[in-house]
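Participant: Following the hints, put chain C in place on chain Z, whose structure we already have.
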Amino acid sequence: MTFKLPDLPYTLDALEPNISKKTFEFHYAKHHQAYVTNLNNLIPGTEFENADLETIVKKADGPIFNNGAQVWNHTFFFLSFSPNGGGKPTGALAAAIDNTFGSFEKFKEAFSQAAATLFGSGWAWLVKKADGSLEIIKEGNAGNPLRNGLTPILTCDVWEHAYYLDYQNKRPDYIQNFWNVIDWNVVGNRY
Amino acid sequence: MAFELPKLDYAYNALEPHFDAMTMEIHHSKHHAAYTNNLNAALEGTADANLTIEALMANVSKRSVAVRNNGGGFYNHNLFWKVIGPNSGGKPSGDLLAAIEKNFGSFDAFKDEFSKAAATRFGSGWAWLVKQADGKLVVSSTPNQDNPLMDLAEVKGTPILGLDVWEHAYYLKYQNRRPDYIQSFWNVVNWNEVAARLKA
Chain Z
1 MTFKLPDLPY TLDALEPNIS KKTFEFHYAK HHQAYVTNLN NLIPGTEFEN
51 ADLETIVKKA DGPIFNNGAQ VWNHTFFFLS FSPNGGGKPT GALAAAIDNT
101 FGSFEKFKEA FSQAAATLFG SGWAWLVKKA DGSLEIIKEG NAGNPLRNGL
151 TPILTCDVWE HAYYLDYQNK RPDYIQNFWN VIDWNVVGNR Y
Chain C
192 MAFELPKLDY AYNALEPHFD AMTMEIHHSK HHAAYTNNLN AALEGTADAN
242 LTIEALMANV SKRSVAVRNN GGGFYNHNLF WKVIGPNSGG KPSGDLLAAI
292 EKNFGSFDAF KDEFSKAAAT RFGSGWAWLV KQADGKLVVS STPNQDNPLM
342 DLAEVKGTPI LGLDVWEHAY YLKYQNRRPD YIQSFWNVVN WNEVAARLKA
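Sequence order for the protein chains is Z and C. Taking this note's numbering, I'd label the letters of the first sequence as residues 1 to 191. Taking this note's numbering, I'd label the letters of the second sequence as residues 192 to 391.
Isolated chain Z, as found in the complex (with noise of 0.2 Å):
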């Protein structure tokens, strides 16, 4: 199947100034773009040539994986954001994270710790596990936790291309500002 570049549900400068319309000008339109035509280049003639992407991040490896988990990653991820964003969750996944992690706040800094520590490039990942509890996991490049039979609930890009011209060197600014910009109720649903 042919795969398109999700319309986001906010624009460009929407998130601004926790994140700038430059970078999401390059990172949707240009690199989110970009690895949805490479999965759509590669595909044709592989036995993934009519897979959903679900099944692409599954089961593929090499260059089909890293682009179709890439496409996969980038959708969730700019699909948690709204320019009304930030706050708390709440309901069953609040109910969950005091649960697994003692407070939100708590969870807060374990999230925001692995993000910070993941070293090179990748996503933190918070998962939710067969019986209902949450994990905060850490993956290289474009590693997916449905590999693992793991549900995704939130994550965060740390490639240095998420926040590079935003925040260079400065990697625990950006995910500080990243939760402005969470909608808790689309990150809620998931859980």
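Do not take every clue at face value.
[Claimed, not checked] Some but not every residue of chain C turned toward chain Z, in silico, with C-beta under 7 Å:
hint	residue
1	I217
2	H222
3	F313
4	G314
5	S315
6	N367
Calculated from the structure, these hints are not laboratory results. A quick note: this is a predicted structure, and the numbers were derived from the prediction, not measured. The beta-carbon is built from N, C-alpha and C at its ideal position, and this holds for glycine as well.
Facilitator: Leaving out everything else, chain C in the frame of chain Z:
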């Protein structure tokens, strides 16, 4: 003995317009400095604190991840700043050119292979020209801050040229256009330094 961030042999703006001053300044005074400080912190008070960086790399698989990542970052950037410089670029000559032609067929064939290794490294990492134990020259690439001196490297040997393809090396000027950055790199390669490393 603590490791020290080396001073550059040229000003931050000396590689303009190929590498911009702001990138050079952040890359050296922030990223390289952080690897240096973190390496010293990882070694402080341990028996490894008196080893050379080369000795640390040689059996890095037995050391902590912090030594691997920050020791690699320290060594790799030390090499990088030396093999680039102002009034550089062009082609190597003498023994280095002869060795490149012998191992790759031609300078252009080598350049293509090295550029491709740099362009296709997925995520963060480095492209290398490596002198192997038998004297053969090969192109390789490593992820993150690994390098060919490390016992865990797929291709082992002495790096004599390296190119940083972490996004921090080029994002302010080239953004997603890594191939343009790689092309510009050839304008700042200090072939005299690479030739000296071949002889060493």
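Participant: If a hint holds in the structure, say so; if it doesn't, say that too.
Facilitator: Going down the list of hints, with the structure as the test:
The interface hint given for C/I217 holds, since its Cβ lies 5 Å from the closest Cβ of chain Z, which is under the 7 Å cut-off. Of the supplied interface hints, the one on C/H222 holds, with its beta-carbon coming within about 6 Å of a beta-carbon of chain Z, less than 7 Å. Hint status for C/F313 relative to chain Z: holds, with the closest Cβ pair at about 5 Å, below 7 Å. Interface hint status for C/G314: upheld, as the beta-carbon distance to the closest one in chain Z is roughly 4 Å, under 7 Å.
Interface hint at C/S315: satisfied, since its Cβ lies 4 Å from the closest Cβ of chain Z, which is below the 7 Å cut-off. Hint status for C/N367: holds, given a least beta-carbon distance of 4 Å to chain Z, under 7 Å.
Of the numbered hints listed earlier, not one is contradicted by the structure.
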